[in-house]
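Undergrad: These protein sequences, in sequence, are chains A and B. Count along the first sequence starting at 1, add 2, and that's the number in this note's numbering. Count along the second sequence starting at 1, add 1223, and that's the number in this note's numbering.
Please note: incorrect hints may appear among the correct ones.
[Said to hold, decoys possible] Below, simulated PhoX-like cross-link-like pairs (lysine-lysine); rule was C-alpha separation at most 25 Å, straight line:
(1) B:Lys1419 with A:Lys146
(2) A:Lys392 with B:Lys1474
(3) A:Lys146 with A:Lys157
These are computed hints drawn from the structure, not numbers from a lab.
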Amino acid sequence: MAQACSKRRKWRGFRPPSLLAFQRAKAQKRWFVGKLRDIEGVPLAERYELAACLQCGRCTGGCPVGLRSPLNSRRLLYEALIREDGEVLVEREEVWDCTACRTCADRCPRGLEPVSVIREIRTLKIEEGRIPQTVMDALESALKHGNPWGRSRRKRFAWADGLGVPTLEEGDEAPNLWFVGCTPAYDPRCQEAARALAGILRAAGYPFTTLGNEESCCGSEMLRLGELGLFEELAEANRALLDEVAPETVLTTSPHCMNALRTDYDPAVSALHFSQVLARLADEGRIPFRREVPLRVAFHDPCYLGKQNGVYEEPRAAIAAVPGVELVEFDRSRERSLCCEGGGGRMWLEGLGEGERNAQQRVRTAADMGVDAVVTACPFCLLTLEDARKTAGLEDALEIVDLAELVWRGVEDLPDPCGLETRS
Amino acid sequence: MNLAVFVKHVPDAAEADLRIGPDGRSVRAEDLPFQMNEWDRFALEEAARLKEATGGSLTAFLIGPGEHEDSLRRCLAVGADRAVRVWDESFPTLGPAAVARALAAAVGEERFDLYLCGAQAADDGYAVVGPTLAVLLGVPWAALVCRLELQDGRIVCDRELEAGWFERVELALPALVTVQTGINEPRYVSILGIRKARSKPLEVRGLADLGVDPDEIGRLGALTRLEALEPPPPGREAEMLEGSPAEVARKAVAVLREKGGVL
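Please construct the entire structure, taking both the sequences and the accompanying hints into account.
TA: Okay, structure coming up:
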């Protein structure tokens, strides 16, 4: 176990590489994001085999923002096929409405990737430099501070103040590395879920450590916003840390971080979502539940956990393990889960369409089902559903609870395992 | 139209807990992230747009050590044809007049139609390098420009005065302007764009290459001397609200109701 972090001494001197170091690395062809290389000069239509498109429209029909937004993936694919100059495409502002949920790619009968074509169009816009100010701020913050929220890197670990959460900076070694993520680290609402998860892991005797302030944004949203170069920078910074630490397991708070580590990093990092770890700990009887949590809850499947990575059972198993909880299912659950519109960089974009947001629709449905709480397991879902609960006027009728918070409620009257204050 | 833009690489102090260095005359910047000075971003964008509209060339100048080249790479990515970085170990103590002298020396015998600076720097905020440089170059200048239009070899500028007032001035070219934020919307500069601009020339010059008497730089540097830095004293009306976010919000609403006149 201890040898997992044997290279830590070398790691402690590490700082995220400067742009110049990055450019030197490029000059020496030390590249790891191989799939993004050598794509220039090959037309979109060829790269994504758009001639195979049947124009059946299943992508547009399945698009979770399609009813409200002018975004029409079928038409974009057709335009990309017949207009190789990209001029028409780059004028399309609605590409910013895409939540990168991948429903379009999942439903395409020819196995095409409308979501990737949309990302490429975003890249064209990024390279022209004319992008929404909110996106620009997020991207520049990710480059400067290592997080898209405009917050100082030095405050990244402030969420854990006084909790005794271990960090490699303090020399706390462990075989399991918790990749906390930017939103759980900085957003006050999501910090509560991160603190709950810290409490559970400690109470379950699960040995873990974190990267503390050294962790950088995973780059998932930067990649999906089309900023390939920035994604590569962030991925390289994290990759260097992970290579030095060489943990047995990487667990993430956010399904977006997990998905990026698993599918966007090359070579892939076999990351686990915390729901998978909680399900295992619950199965092994290691979570010391002490309290009934008499709630009727519905689980909202995050797209990046379910649709994109097939993790459906573990969060449900973790919920079922909490004494007193009754789990009911949305009609639209699992593969058919309704996207909350928080992915694909939409945390920094309002969207063009008018009318009810998906998250509002979701909380209304939950209220009609008569559940006490919607449980989710993604910081973006947590925030969009919390907002929707307030704008839909359901603040008194419904709770939005992170999976970690739900589990922690069943545990928390223990003698405080990591200095967590008991929250009401 | 041949354009020159002058930029500075400065620490980003937003969100930072600033600490004064042991000499009492500097801010400890070692943990701060650096970026291009906010005002210079607008000057650069304005210069790039003028170049795109009129053709010609754009040259970017910067005084700073090698780590500050990120700002010059950004200039090259936005459209500068070449960049010049000037540095000497004696420079960190330069006052604004000496900075202007070094920049004028870097321009040397070259002549540009329009020189653009940011109105001020986010770190020291003197706002005098631009006007001093104009005097040294012997060209007319306008400060705090928030609109700029090219007209038959002249430029018409709106300068920001106080309380929503503006002054419209017309300058014969060559001229120098210091640019106010908000004059345009600076474009996003992608990492790939910065990488592509690496093939553009970036020249590094030392004090000896400038052909200027080091004593003169020293003399100008001594015109202003920073005595001491102190954190601002807490204001008498400042009240720190404490508690959970919900409690702070409730207290803030109460204060706004009572004193703000907005609710």
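Undergrad: It remains to establish, for every hint, whether it holds in the given structure.
TA: Against the structure, the hints come out as follows:
| no. | hint | verdict |
| --- | --- | --- |
| 1 | B:Lys1419 with A:Lys146 | holds (20 Å) |
| 2 | A:Lys392 with B:Lys1474 | holds (20 Å) |
| 3 | A:Lys146 with A:Lys157 | holds (14 Å) |
Going down the numbered hints, you'll see the structure goes against none, and every one checks out.
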